[in-house]
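Chemist: Spelled out from the first residue to the last, the chains are:
Number of protein chains: 2
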Amino acid sequence: MSFNFELIKKHNKARAGEIRTKHGLVRTPVFMPVATQSAIKALNFDQLDDCGAQIVLSNTYHLHLRPGEKLIHQAGGLHQWTSYHKPFLTDSGGFQIFSQARLGKCKITDQGAEFIDNLDGQKHFISPEDSIRIQNQLGADIIMAFDHCPDGGASYEETKEAMDRTHAWAERCVQAHQQALENKTRAEDQALFLIVQGGIFDDLRKESAAAISKLDAPGYAIGGVSVGESREDIDRVVDFTTELLPEDKPRYLMGIGTKEDIVKAVAAGIDMFDCVMPTRIARHGAFFDENGQRLLIKNARFKEDFGPLAPNCKCYACTRHSRAYIRHLFRAQEILAATLLSIHNLTYLIQLTENIRTEILENRFDPNKHLG
Amino acid sequence: MSFNFELIKKHNKARAGEIRTKHGLVRTPVFMPVATQSAIKALNFDQLDDCGAQIVLSNTYHLHLRPGEKLIHQAGGLHQWTSYHKPFLTDSGGFQIFSQARLGKCKITDQGAEFIDNLDGQKHFISPEDSIRIQNQLGADIIMAFDHCPDGGASYEETKEAMDRTHAWAERCVQAHQQALENKTRAEDQALFLIVQGGIFDDLRKESAAAISKLDAPGYAIGGVSVGESREDIDRVVDFTTELLPEDKPRYLMGIGTKEDIVKAVAAGIDMFDCVMPTRIARHGAFFDENGQRLLIKNARFKEDFGPLAPNCKCYACTRHSRAYIRHLFRAQEILAATLLSIHNLTYLIQLTENIRTEILENRFDPNKHLG
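Chains A and B supply the protein sequences, listed in that same order. With the working numbering applied, the first sequence covers 2 to 373. With the working numbering applied, the second sequence covers 2 to 373.
To be clear, the hints were calculated from the coordinates, so they are not data collected in a lab. Don't take each hint at face value.
For chains that are exact copies, the list does not tell them apart, and a pair is met inside one copy or across any two.
Claimed, not checked - As a list, the in silico BS3-like pairs of lysine-lysine whose alpha-carbon atoms are at most 30 Å apart:
no. : residue 1 : residue 2
1   : K124      : K304
2   : K315      : K87
3   : K185      : K23
4   : K250      : K10
5   : K304      : K71
6   : K23       : K304
7   : K23       : K11
8   : K207      : K260
9   : K71       : K299
10  : K185      : K304
11  : K215      : K23
12  : K315      : K71
13  : K315      : K10
14  : K299      : K124
15  : K106      : K185
16  : K304      : K87
17  : K299      : K87
Produce the entire structure from the sequences given, and follow the hints as far as they go.
Modeler: Spelled out as structure tokens, the structure:
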């Protein structure tokens, strides 16, 4: 397999590393933009390159329902399908499926999850083996185990049940992926990451980290974070759990992506993040200033502001356009507003992560300096 | 003034020329994409460059209402405002205002037009002098006289009244622009084009062309075309009227832009066109095939079509993406679908116009070959 991780430098618990994949190098810590339906919303992939992106996440749940993994496989996999030839990561689909559990639209058994397709109202069933098969067909460089992610407010018993199921499913995912490898499918270049669950309960996180680490995987993720629990619980769980993961493997904190989240997670020893937030808030007119504070472009104070979204930002939007112009575009409902704000917000978080990487390499990463 | 037109070559009535402006050269015949609210819908200006665009039209009516010409003037004019430093053309606002007349929302007198702002329901009044003042503030390279464009179904009397008013207003526009020039405003680099009216009535068109041509202008336009009249009337009026315009000045057919329209108009001696159609139909999923036929990307037959939108097309979309991928993006309501289809459609019409130019230069422009 062409996948490899090298830990280059540690500064306290923070790490700088390099992930090698068939589709190129990823320098960590890394922020991964999300191409939910195999496109970054309001951007093309060249614009994403300009933002400094190194790897993109796409969602198995959405692609399975539309256009279907079969079509993407027929096209030659995600890279050929999108014409984006840098690394891809796909999630397992579990998170989106279990989000429907709260709406009573999903039934989970040890076999897998039955859920209702939002698009056509049809019932679907996905097992851990199905998720791996679908991800094999999609052809991302990194694929994720099918885990059971309970609600942030779940009880100890519910959380333990989901964790135990996640462990059993992890083994089944490893086996399914192994089977695909033996069948000489394109799976040979795919690294299967396993996921730790356990909610906000330290003993369960400890048990889950131990059980998952035993299954020798090319990378590990912390799941079930930022699903409704408190800020303090998130920080404690991430800090506590990260230390329990193998040091020589990349560590991925799923669905995390504010400036504060990123800084704290890197300080805890996390290497990878993803979040739809920067592009989602952009479509609602929000952008980061030079300190990472969210501002709303529609605000009247930007009406005659001919300066860039953020001073010193080198992104496409800031080097060409003023707050006044982008405010006008947003008010006039021009698509270009969403494009420019998305480019800016992605560039901000990617640049933040790259700056942190440099600080780690130079032994001067101070989380408080970023959060102050 | 830095504006100049050179007629380089004639082949039958078709012409190849060059317009020089302060912001660069425009080779004619030319298709002008429309940036209604100072942005091309779903595109940025670099993407527009990639489509081969040489000059962009923006709408005075929309910009006057939002964000207001004062703000754009404050930014330094349209070029600074948008960071697009190629030539701009602004229309007079008249067409959009008079479109509201049909809805009973517009009152026209010899003084000007009173209309209701769709955005805030407020009454506005614009005179010919106002339109020129607004366009002086916007700062486009080419500005248009404020004309009275009647409905395509207007009677002879109504059409004559609108034509007479257009002639009187043309003189007032010339005077207002002259006044601005004497006041040493940025108007000095702006060429004011005058507009011929007269509807579908040959004698009125003849009278209007004579009256307007007498006012020595840097360019002339044919207005009141494609506003509800028949295909035959359009063709006859354009063919008839174009010949009556001064040969040494650029000729602009307003609001025209299908392949058929362009080919016929060039054959009649027209140099400039604009139309929102290629980007508007793109947002509804329509694109041109290699013959200029409109196809709908959502069509099931494109589901597994991994070929480009049009064979041999060199546009950004066709050199990277398949019909199957773009179909998926369109069905998934991804903004990128509108962007890719807009790029393709604009490139198609711009490339068509450039091919025609080459044919004229090489004495081999045959309209029937394009229309066959």
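Chemist: Out of the numbered hints, which ones does the structure contradict?
Modeler: 15
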